[in-house]
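Trainee: Kindly generate the complete structure, drawing on both the sequences and the hints.
This is what each chain is made of:
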Amino acid sequence: MADLPGYLRACLNTGKLASLAILVSGGIVLQILACALYNNWWPMLSVLTYVLLPMPLLFFAGSDDSIFSESDNSWVNFTKFLTGASTVGGIAIPSILKHAGVIGWGAFAMELSSYFVFGMAIICYLWMSGDDDYSIL
Amino acid sequence: MDLLELWAIFGPGVAGAVFGAGWWIWLDAVVCSLVTVPFLHYLPGIFASFAALMFNCVRKEDIDYSPYDEGEWRLKLWLFIAYVVSFVSLAGSAGLLIQDSLDKSAPSVWTGVAGVLQCVFVLISGLVYWTSHPE
Chain V
129 MADLPGYLRA
139 CLNTGKLASL
149 AILVSGGIVL
159 QILACALYNN
169 WWPMLSVLTY
179 VLLPMPLLFF
189 AGSDDSIFSE
199 SDNSWVNFTK
209 FLTGASTVGG
219 IAIPSILKHA
229 GVIGWGAFAM
239 ELSSYFVFGM
249 AIICYLWMSG
259 DDDYSIL
Chain D
2 MDLLELWAIF
12 GPGVAGAVFG
22 AGWWIWLDAV
32 VCSLVTVPFL
42 HYLPGIFASF
52 AALMFNCVRK
62 EDIDYSPYDE
72 GEWRLKLWLF
82 IAYVVSFVSL
92 AGSAGLLIQD
102 SLDKSAPSVW
112 TGVAGVLQCV
122 FVLISGLVYW
132 TSHPE
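Sequence lines, in order, name chains V and D.
According to my numbering, the first sequence holds residues 129 to 265 in order.
According to my numbering, the second sequence holds residues 2 to 136 in order.
FYI, nobody ran anything at the bench for these hints, they're computed from the structure.
Glycine included, each C-beta is placed from N, C-alpha and C at the ideal position.
Treat the hints with care, since some could be wrong.
Stated by the list, open to error - Pair by pair, the computed Cβ-Cβ distance ranges are:
no.: 1; chain 1: V; residue 1: Ala228; chain 2: D; residue 2: Ile82; range: 35 to 41 Å
no.: 2; chain 1: V; residue 1: Ser147; chain 2: D; residue 2: Asp104; range: 55 to 61 Å
no.: 3; chain 1: D; residue 1: Trp8; chain 2: V; residue 2: Tyr166; range: 38 to 44 Å
Mentor: Structure follows, in structure tokens:
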């Protein structure tokens, strides 16, 4: 996009941020709908997974890009291990609730949709944070 | 980058995901069981997790393959005990599966199957974590 003018590139970057905000809002709306439509608030257990997911990165890894690079540091590998273990909880909690008969198929589908929308938002955020082109000129 | 570098980057995350999947499968079996699962049925999963932790405490470069010198026998004894614990946990979970399928008052067959799956997934996660370390 080197041939685009600076203000158009800034506008496109603002559009990226807006789409990221729309994704996060969509995930939150799906999560609330999965609970409120059926008046059954057990799927709120999945919010624990969303809270737990960034905690290994916050506590153990630094502010570098070590999550996407090869490392022989034990703390970085442990961070990746805990992040992977937390990721499965987002799929496992709705599955266990459905298997136990606590929630139905509609809430289960909305839970999984919320999880994948949040996952897409996180991946877009990690992809966007590599860019630095916010200059107007 | 080639496949080995991708494995070194994403391998610990995959290992964590497989480990979490194993324990979540066991939690599903415990939650959906009609009878109370006794504590004896928890032991294969706990010992499999302990075995996976044991053989990932060893650094790969410390293993000596020299045919001349006296090797690190403590390290090899530790790895041997880790493998023994992992195989005993697998055998224990298979035995509990057979017991669950034969006895009517025991938990259902899904509890035994979930126990075997838990041990398999936990040990696979240990292997994935081990193989994803660069030399």
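Trainee: All hints are to be evaluated individually against the structure, with a verdict given for each.
Mentor: Evaluated hints:
1. Here the CB-CB span from V:Ala228 to D:Ile82 is close to 38 Å, well matched to the stated 35 to 41 Å.
2. Look at V:Ser147 against D:Asp104: about 56 Å separates their beta carbons, and that is inside 55 to 61 Å.
3. One distance hint, 38 to 44 Å for the beta-carbon pair D:Trp8 and V:Tyr166, holds here, with the actual separation near 42 Å.
Violated hints are absent here; each numbered hint is respected by the structure.
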